[in-house]
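Chains as they are written, first to last, in the numbering used here: chain V, 30 to 251; chain U, 2 to 388.
Simulated from the structure, these hints should not be mistaken for lab results. The structure presented is a predicted model; accordingly, all values stated were derived computationally and were not measured. Careful: at least some of the hints might be erroneous.
[To be verified] These stretches of chain V come out as covered by chain U in the derived footprint (C-beta under 8 Å, 3 or more residues): (1) 78 to 88; (2) 112 to 126; (3) 131 to 145.
All C-beta atoms, glycine included, are put in the ideal place defined by N, C-alpha and C.
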Amino acid sequence: MSLIKVHEVTKTYKGGDGVVEALKNINLDIAEGEFLALMGPSGSGKSTLLSVLGGLNPPTSGKLMIDDIDVYALAPEQLADFRHEYVGFVFQQYQLIPYLTALENVMLPLAITSRPGKVQRDMAQTVLDKVGLGAKSLRLPNQLSGGEQNRVAIARAIVNEPAIIFADEPTGSLDSKTAVELLELFQSLNQGGLTIIMVTHNQENLEWVSRAVYIRDGVLES
Amino acid sequence: MRLTDIALQNLRRRKMRSALLVLSVVIGVASIIFLYTTTQAMKEDVANKLDQFGSNILILPDTGEAMTFGGITVEAPTQVKELDMSLIPLMKTIKNKETLATIAPKLLVDTKIKGQTILLLGVDFEQELHLKKWWKLNGLAKNQIPSANEVILGSEVAQSLGLSPKQTITIKEKDFTVAGIIQPTGSTENDQAIFIDLAVLQKLTNRPNAISLIETAALCYTCPIEEVTQQLSAKLPGTKVTALKSTLESRDDTVNRFNLFARIVSLILFLASSLVITMTMKSSVEERTREIGILRAIGFRKRHIIQIILTEAGLLGSLGGLLGFLLGMGAAVQYGSILVRAQVPIPWQSNLLAYAILASLLISLIASLNPAWKAARLDPTESLRYM
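Excised from the complex, chain U in its bound form (with noise of 0.2 Å):
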């Protein structure tokens, strides 16, 4: 028989109690684990959805002079050096190529329409509808891409010129169709312009493969934004590369909220479990403060006393801990997307499992050194009370 034996067979013995105990410890892990896992994929899809939600990487041609976009400045277009359609390829080349989801190049073009000085957008519409999903288009069905002959107007232009949906527009002595009217936006670059098939455009100017600047999307969960900045300025001869700053400073806020709240709940569960298990581990001691008179009194040591205690506590503990880890993994894979109604799945992460055992193990040795100390000093002769 080893001290280890007796803990065993006092566990065994004591089946509520030790049900109990384990229980608290599964509660605490399950909830963490998955309340850890579900913030994961809550933070991963709000940070998908904000990489999505407009461009966060701008390329300009490198004046070296400022160029503003969103408020955009194009007096003398001809002035300003162009950049052309051979980039586009040469950005998919750069190490983190997977994470540009969207490149989104424009012509910037002023024309006069009725007298009125506007401005002419070239996009590659399928890529613009991507990066601009926040638009709402009057007149164009959701995820339709529209033609060549067709242009989509910002809602000002829309109203100087008296155009809606269906009606036609002359740009450059060329007829188009209005696909569709953006709803005020607040920002001058969509209220104000006229989107128009980017080829179209540089025909109509005659100026093949040029364009002005190029909107990227990348989607940077994964990968600091600044390296694909850096990958792209390398690869782009001729070329300024700006991350928009505040756009990554709104996400990163935005997910670091998540981490933060995360933090703070699963502290107060970790607080709420050993509390559980010191008082259990007390109640424990208490209630077995004979049977330690006896083993005292046959001579057993204060460290052999502490040694059985601990032993139970870890026992349960990580038995806690592995329960927990299932517990919490398996909600977290079956139900933890869905309740929080994310669309990233969660995976099964077996590498939480050690963590998990290992936290609770600790938590419950750490829980229960007061009652195992006090437990030890206990003074055999009152344990026994008789003598």
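Next comes chain V alone, as it looks inside the complex (with noise of 0.2 Å):
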């Protein structure tokens, strides 16, 4: 049963050229536990594809469901618990807060639940173990290194156990064994269950994912 949606999906931009269709008529659907890549070169419409998956950025026409919500139908504030429940992100240059600690990062998501601040911190803590970082939960971002920062990047993003996580060419800026672990972590995360949409434009990262599909000129190919 598919978790995601895509019905006819259109996003147009007004640009300095007039009138710019970054997506065109996107139907796709995603499974439940998917590790999915959207590929495509640079400029293709992937990454706004992945900011219309996520709950960020309103196509100009279409329908995304999640979870049988159309999410887009929902009023501004809701869709942003909609995002904090259902979404994590993983952005393209980690966006981190530079002045939090990295456990205060992973802590984010959950500083707006009512969730007591040991069980925040033992919660943060925990994911901060999973992805390899415990011991240097108390630095801050620029006392981190650029693998580590992207590890802090996915703790903040499935600290809070969202059902999918968005991934902005995470492997992007990171040299190829920093990257490999990245994605057998990612790896690890999907196989315990969690959807994973990942846009990169690295056809190496193809044997980690479960599918690919391709988008050009903002057209989705088969």
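Build the complex: two chains, separate frames, hints provided.
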């Protein structure tokens, strides 16, 4: 059964040269527990599709259903709650808050829950242990390497136990050894039941995913 | 972790920006506190000086007829109902007795000297000189009180009788030494009169205890003069107690000008502080666009973002208020009186602390509302840009 259903999604922008069609009539079903790679050349629309799938970027037309919820029919604050409950993001440049330690960055999604501070701390520490950074939990982002920051970003994405992880070029700025470690981590999370959708342009990453879809000029290729 | 922790951590990490915002609040609050307290002291000082600068209450016999003083008309004193000295101890029994700084009784008698009709004013010299601080006296040293066999002459009397200090004048067959001559004041009762010891004049005119009127200076910085007037009327039967409105109005006018000045400057400082806080918070929000985008992307609601920004502003505002109070109050207590040359010391006023903190908290919150609202409305995709 599909966890995510994308129906006739189109996204247009007003650019300097007039209206730009970033996504054209996208139809896509993603099953629960899939590890999907969204592939395509630079500017093809894959990151735009990821932001639409993640509830961050409403489409110009079409519908997105996740767990039978019409995502963009939700009111803005309900949409924020939806992202909090269903979705974890791993951004391209990690996007950690620079003044918070690794542990505090991971605790961020828990800060708006009613969980007591100690429970939050324990949950964040457990997840950091899981991504292999338990010993560096009190370091600030600028005291961590790129790969370590990426792991903190993953820990932050999964701490709230979401249904889906959206990752945008997570291996883009990593050396090959660190990239493999990260993909192994994703694979292990996926094997634990987490649905992962990863944007990548690296063909080598395909051996880790369960399915890949290609997008070119805003059109999904089968 | 709570939203407050996020705000606190941001403040700790961005020390320079936080310090700048606190500094802007400190400068605003300290200036307002300093200005407020020193202006209060200036007001009190001016009021005290004005209160000492002549009488503001006049006690006359209740004759049912108008009697003027300062252009005095005492054509036939014997026909006028007189007051007596027993009133003075009574005056000191009113509720606001501590406000009566000077009580200057007077006996007014006319006499002929060298063929001229001249007004004799029997006075208590000590009280009279205290009341008439603006007198400039030739021949009399500062703080010197004339004795019972000395007199003070008004300038016109001295001129018309050809007298100068240390010379002798005969009044009602008794010789007196001229202790001093008042430099021209422009008022009849000073320039055309001879001031003589009250007890001596009572004896010379065979009217023991008699007085014509009492001038009083009430220090009314803290008390309404009308109340003192009413209290005196109640205690002194057969008298007419009048507050000199012109003196009061001029005093109030001066004091009110100080108030207005202080309010205008405070308002300007208030607006300037608010502007600085708004600009600082606005630039802080702009600097954190990406961070706010991350928080929105992971599910923070608009109110969570507003709460974080307002918590930061509130904490910095309160800290600025506290430090501003300490700085402003400390400077005012140490240097305020010296700076404005006021003789009134400025006390440490702890009660202003609550106002300082509350006001700076409110300014900070109000000034940050717009940047906070704009931050909350940021589109997470736009904030993160890369998507």
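We went through each hint and held it up to the structure:
{"no.": "1", "hint": "78 to 88", "in the structure": "holds (count 5)"}
{"no.": "2", "hint": "112 to 126", "in the structure": "holds (count 11)"}
{"no.": "3", "hint": "131 to 145", "in the structure": "holds (count 7)"}
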